[in-house]
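*Asks:* Next come the chains, spelled out residue by residue.
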Amino acid sequence: MAEGGNRAGYLLLAPTLAVMALALAAPLGLLALYSLTATTGPVLEGGATYSQYADVLGRAGYRALFWRSLGISALVTAVTVALAYPMAYFVAFQAGRWKFAWLIALTIPFWTSYLLRVFAWKIILGYGGVINSALLSLHLVSQPVGALLYNPFSVVVTLTHAWAAFAILPIYVSLEKIDRALLEAATDLGDGPVRRFLRITLPLSMPGVIGAAILIFVPTTGDYVTPTLVGGPQGSMIANVIAMQFERIGNWPLGAALALASMAAVGVTAALFVAAARAATQAIK
Amino acid sequence: MKSLRAYALAYLAFLYLPVLFLPLFSFNNSRFIAFPFTGFTTRWYSTLFADDAMLHALGNSLEVGAVTALLSTLLGLLAAKAVTQYRLRGTGALLGFVSLPLFIPDIVLGIALLLLLGAIGFPLSLAGVALGHASLCVPFALTVLIARFEGFDRNLEEASADLGEGAWMTFWRVTFPLVLPGIAASLLLTFITSFDEFLLAYFLSGTEATLPVYIWGQLRFPDRLPMVLALGALILVASVALVVLAEWARNLGVAPGKKSIGA
Chain A
0 MAEGGNRAGY LLLAPTLAVM ALALAAPLGL LALYSLTATT GPVLEGGATY SQYADVLGRA
60 GYRALFWRSL GISALVTAVT VALAYPMAYF VAFQAGRWKF AWLIALTIPF WTSYLLRVFA
120 WKIILGYGGV INSALLSLHL VSQPVGALLY NPFSVVVTLT HAWAAFAILP IYVSLEKIDR
180 ALLEAATDLG DGPVRRFLRI TLPLSMPGVI GAAILIFVPT TGDYVTPTLV GGPQGSMIAN
240 VIAMQFERIG NWPLGAALAL ASMAAVGVTA ALFVAAARAA TQAIK
Chain B
0 MKSLRAYALA YLAFLYLPVL FLPLFSFNNS RFIAFPFTGF TTRWYSTLFA DDAMLHALGN
60 SLEVGAVTAL LSTLLGLLAA KAVTQYRLRG TGALLGFVSL PLFIPDIVLG IALLLLLGAI
120 GFPLSLAGVA LGHASLCVPF ALTVLIARFE GFDRNLEEAS ADLGEGAWMT FWRVTFPLVL
180 PGIAASLLLT FITSFDEFLL AYFLSGTEAT LPVYIWGQLR FPDRLPMVLA LGALILVASV
240 ALVVLAEWAR NLGVAPGKKS IGA
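For the protein sequence lines, the chains are A and B, in the order given. Reading the first sequence from the start, the letters are residues 0 to 284 in numbering that gives the first Met the number 0. Reading the second sequence from the start, the letters are residues 0 to 262 in numbering that gives the first Met the number 0.
There may be inaccurate statements among the hints.
What the hints assert, rightly or not - Chain A stretches covered by chain B per the calculated footprint, using a threshold of three residues with CB under 8 Å from any CB of chain B: (1) 17-28; (2) 84-92; (3) 103-117; (4) 121-132; (5) 208-222; (6) 245-257; (7) 260-266.
Said to hold, decoys possible - For lysine-lysine, the following DSSO-like pairs were computed, each having C-alpha atoms within a straight-line distance of at most 30 Å: (8) A/K176 / A/K98; (9) A/K176 / B/K80; (10) B/K1 / A/K98; (11) B/K1 / A/K176.
Derived from the structure by calculation, the hints contain no laboratory data. Don't be surprised by glycine CBs; every beta carbon is placed ideally from N, CA and C.
Just chain A, same shape as in the assembly (with noise of 0.2 Å):
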């Protein structure tokens, strides 16, 4: 293509860069530059310091936080993944001419404010809550059972449910892409049901596993909804120290290093655990 229409291109991109520097890297460079300022509270000045990274690193009571948050996440990760894996499995091979009607479906509980589908586990597991009037009401148990609500335990089951369908479908896209042929000529050549999954399909699909497992995990350590609705002290998250910071304790410089810590501990894991799946992808073959 000629110089020219090359110009035009650059131009047509120009709106879109211009706005995202505007939006996204000119604030994360600010958040940087916060991260590094000596005082705290909103203003900046005064000279850089490292003391928010010594602070954030080195006091026990963050480290076991990004511990918990990490953890949590890749709980629900992993939980959300293996449930939706059979789902997807079904619609891909077996939903027949039913296939489309099936993501519809699927997709449709998604499409509901999140926050309220948050809080319908409140609204479930709470203490007067769905389960415990039900039990009550049956008679099965003869006082409320509080351990259901408030813990990592709840925070988990919400992300697992609220996160669904963003391991369903991609997932379901690289089964469907899986050529037919293939299974075909496993079968042929004498693998079992079982065989025939492992070398052929799980492998097939593992660019689909790694893809919802990183759509999932990288907003659900973040996630300042949930650990807050139903988290409790026990279930509190990143997310809800970095909020803290920028209101009740106006730490400005200490929320900006959290946020880009959490950030690059996010990133760090994620990269580890695309490049462990493809290993383990490359083994199995």
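Put chain B on the given structure of chain A with help from the hints.
*Replies:* Same frame as chain A, but now just chain B:
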């Protein structure tokens, strides 16, 4: 194979049950969200529509959603055309940068934007929320529109140019109608994303609440819960209608049997 179908149905029940509690309890004649039901009522819906703060927040959300949808779809349209129809250097890096919001937790983007607005002295407002939502939505718009551009025949544009149409008329009479289903789908998806987004709006909206920010405020008051559930039920019905419309638009002109779903 029967067992897999049974699993699929059980999984579907797991997805639907919590969501169905919203409409169910919104018609229950009790302030308490618990079994057993005490009777049927529509009074929570009448309370809801008499609530000025809710109507105001709804108006704000519609406004932010419309601006976000138009802005991110327009940006996505320009960028998708550039990426698919020109051989530009650094396209990969650029797409990586633009899709960065997908890989950053919302809380980080939210406070980063809060810092930016503070630093440039821009007051917290719905405009700031729309800017934040646009950065979240551009990756979605771009994905939908790139898929649409990749599916169409470049020769049609060249034929139009050969027949004497200028660049502008070619765009209006050839490119635009061909990409239109993608544009419609992008508008609806970005609108819904913005309409449902809470965290950025929570940090950036200042005194003007959007609907999710309003809902968040109501969740603290047990008395208001049945009314909030009524609102949730209405949002569910409206969203499903919009999504069905978006899917229908996206598949316009696509051969039957090649239908797909999602971005």
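*Asks:* Which numbered conditions among the earlier hints are violated in the structure presented, ordered from lowest to highest?
*Replies:* When the structure is compared with the hints, none of them turns out to be violated.
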